[in-house]
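Each chain, letter by letter, is given below.
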Amino acid sequence: MIAADHLTKRYGGHVAVDDVSFVCEPGTVTGFLGPNGAGKSTTMRMLCGLTVPSGGSATVLGAPYASLPDPGRRVGVLLDASAQHAGRTGQEVLAVSAQVMGVKRERVDALLGAVGLDRRAAKKRVGAYSLGMRQRLGIAHALLGDPEVLILDEPANGLDPEGIKWMRGLLRDFADRGGTVLLSSHLLGEVEAVADDLIVIGGGQIVAQGRLKELLAASGVLVRATDQAALEDALALAGLPVEQAGGGGLLVDAPAEQVGRVALEARVVLTELRAADGAGLEQLFFSLTGGDAA
Amino acid sequence: MTATAPTSTAQHGAAAGAGARPPLHRLALVELRKMTDTRAGFWLLVTTFLIAGAGLTLMASFAPPDERTLAGFFRAALDITGLIAPVLGILVVTSEWSQRTALTTFALVPRRGRVVGAKALAVVSFAVVLALVCLQLAVVAALLSPGDDAWDLSLGAFATGVLLQTLGVTGGFAIGLALLRSAPAIVFAYVLPIAFAILGEAIPGFRDTADWLDTTAPAEALWDDTGDGTAWAQLLTSWTLWLGVPLAIGLARVRRAEVA
Chain A
1 MIAADHLTKR YGGHVAVDDV SFVCEPGTVT GFLGPNGAGK STTMRMLCGL
51 TVPSGGSATV LGAPYASLPD PGRRVGVLLD ASAQHAGRTG QEVLAVSAQV
101 MGVKRERVDA LLGAVGLDRR AAKKRVGAYS LGMRQRLGIA HALLGDPEVL
151 ILDEPANGLD PEGIKWMRGL LRDFADRGGT VLLSSHLLGE VEAVADDLIV
201 IGGGQIVAQG RLKELLAASG VLVRATDQAA LEDALALAGL PVEQAGGGGL
251 LVDAPAEQVG RVALEARVVL TELRAADGAG LEQLFFSLTG GDAA
Chain B
1001 MTATAPTSTA QHGAAAGAGA RPPLHRLALV ELRKMTDTRA GFWLLVTTFL
1051 IAGAGLTLMA SFAPPDERTL AGFFRAALDI TGLIAPVLGI LVVTSEWSQR
1101 TALTTFALVP RRGRVVGAKA LAVVSFAVVL ALVCLQLAVV AALLSPGDDA
1151 WDLSLGAFAT GVLLQTLGVT GGFAIGLALL RSAPAIVFAY VLPIAFAILG
1201 EAIPGFRDTA DWLDTTAPAE ALWDDTGDGT AWAQLLTSWT LWLGVPLAIG
1251 LARVRRAEVA
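Chains A and B supply the protein sequences, listed in that same order.
Our numbering puts the first sequence at residues 1 to 294.
Our numbering puts the second sequence at residues 1001 to 1260.
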């Protein structure tokens, strides 16, 4: 269980994280989605006691992270896979942390094998690792203490498609056995595939949060017409909330039947009318990244 | 790549021993390990011993018989290793920031004061062990090339040697902690005492004060056995300054620092 309560972080006049509150429940995977620079990493560092919040507080497993006596055995953390000593071997990185936590040496070898770092890779120095190998080492490191909670910042970065699929399975299994997972990403598709809950952050503020299924369902219908402008006018006249969707369609927060009737009365020919299926979420996300929907 | 998840099949956190705070001595052992398990740390140590070995070989071959004593070899070994050893003390702290391993270190041990304490303990232990290795090198040199009165080494001189070595390495550690950056810390640690001594020589009015702030002169006096109570007092005041101030600054910085 992870709880953030009105977390805020200011750097001078810049507000990096602005009044962020959420709860991650045991047995679930929570996706933490936002473009680069949205405040994901700062929020995660505050959860782990590495950055002192300007306001608000956070608890992990019911207590502030810093007050956990042996946090490595309760919370697996991967904040930056590249933040390892370049001159230390992968095996040694795990062995050092295993010694801190009092974890048996055999677990280091078992985890290296499990994340796909073979004997040769394990004896290489981290400086010679690819980003994908560093991520694998970081995931092994997070799992080292057999924790109940995982906090992972962009763990899929640099992983190949096979590795991403493997990681999804691993996180799903971890949550299904009662664990709590918070993972961040700047790609909607990445969290969509594995998350139960979703938190969307942009410019330091949470812009959407809830069950992934509900967020995807609650985005109305997508509609296209031969005369897009006429349809838009008619919908506006009927008082329905309309947004531009990707590919020239319109996103309407109303049932399909109501949109169909408006089109009929306005004598506009529809070419498409369907449930948006996350198009709204995608639209929201694109608006955060500042780019237009492609 | 295996398809199965690598976590244990048992429920989370069920492993024996979970929940207890890692004891300080274990953290100190980890810090000692981290000093030597990187490429840089390993080769710095090897180089230190190679240079010390070479220095003692030269001394054993060419020094006059009255200098080829256990005390003479011991002091030479300490002087040589003492030139490089403070760098290891500096890197114990600064590499955590330059290599960004502080992220992992403080995630595993969030009470940062304990990490600093463990590092201090590791640095002191390292210095003492280093002094003992120097003694062994000196014994070998004295065996191979005994001069007059070859086995002369008073307990006082031995203790002084261990103490000065420890102060030197700990001084590096303190400056590393205050600055948190390798390059400035190394420059600071080596240049400042020299600048200080020169300043003491150059400015007449400053000299009396400098005697109490200079770490090298009282150490010389103590080595040469000409040191009296004043030399000890001067050693105490100067090291209180050179250790105390950077340690206090460093501890405050590390506690508050944003780790990213």
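Just so you know, these hints were derived from the structure itself, not from any lab.
Fair warning: there could be bad hints in the mix.
What the hints assert, rightly or not - Using C-beta positions, here's what the derived DEER-type ranges look like:
hint : chain 1 : residue 1 : chain 2 : residue 2 : range
1    : A       : Ala110    : B       : Phe1158   : 44 to 54 Å
2    : B       : Val1133   : A       : Ala110    : 53 to 63 Å
3    : B       : His1025   : A       : Ala86     : 37 to 47 Å
4    : A       : Gln205    : B       : Ala1195   : 49 to 59 Å
5    : A       : Met1      : B       : Phe1158   : 51 to 61 Å
For every residue, glycine included, the Cβ atom is placed at its ideal position computed from N, Cα and C.
Now for the hints, and whether the structure bears them out:
1. A:Ala110 / B:Phe1158: 44 to 54 Å: 47 Å, holds
2. B:Val1133 / A:Ala110: 53 to 63 Å: 36 Å, violated
3. B:His1025 / A:Ala86: 37 to 47 Å: 28 Å, violated
4. A:Gln205 / B:Ala1195: 49 to 59 Å: The hint (49 to 59 Å, Cβ to Cβ) holds, given that Gln205 (chain A) and Ala1195 (chain B) are roughly 51 Å apart.
5. A:Met1 / B:Phe1158: 51 to 61 Å: 57 Å, holds
The structure shown violates the earlier hints numbered 2 and 3.
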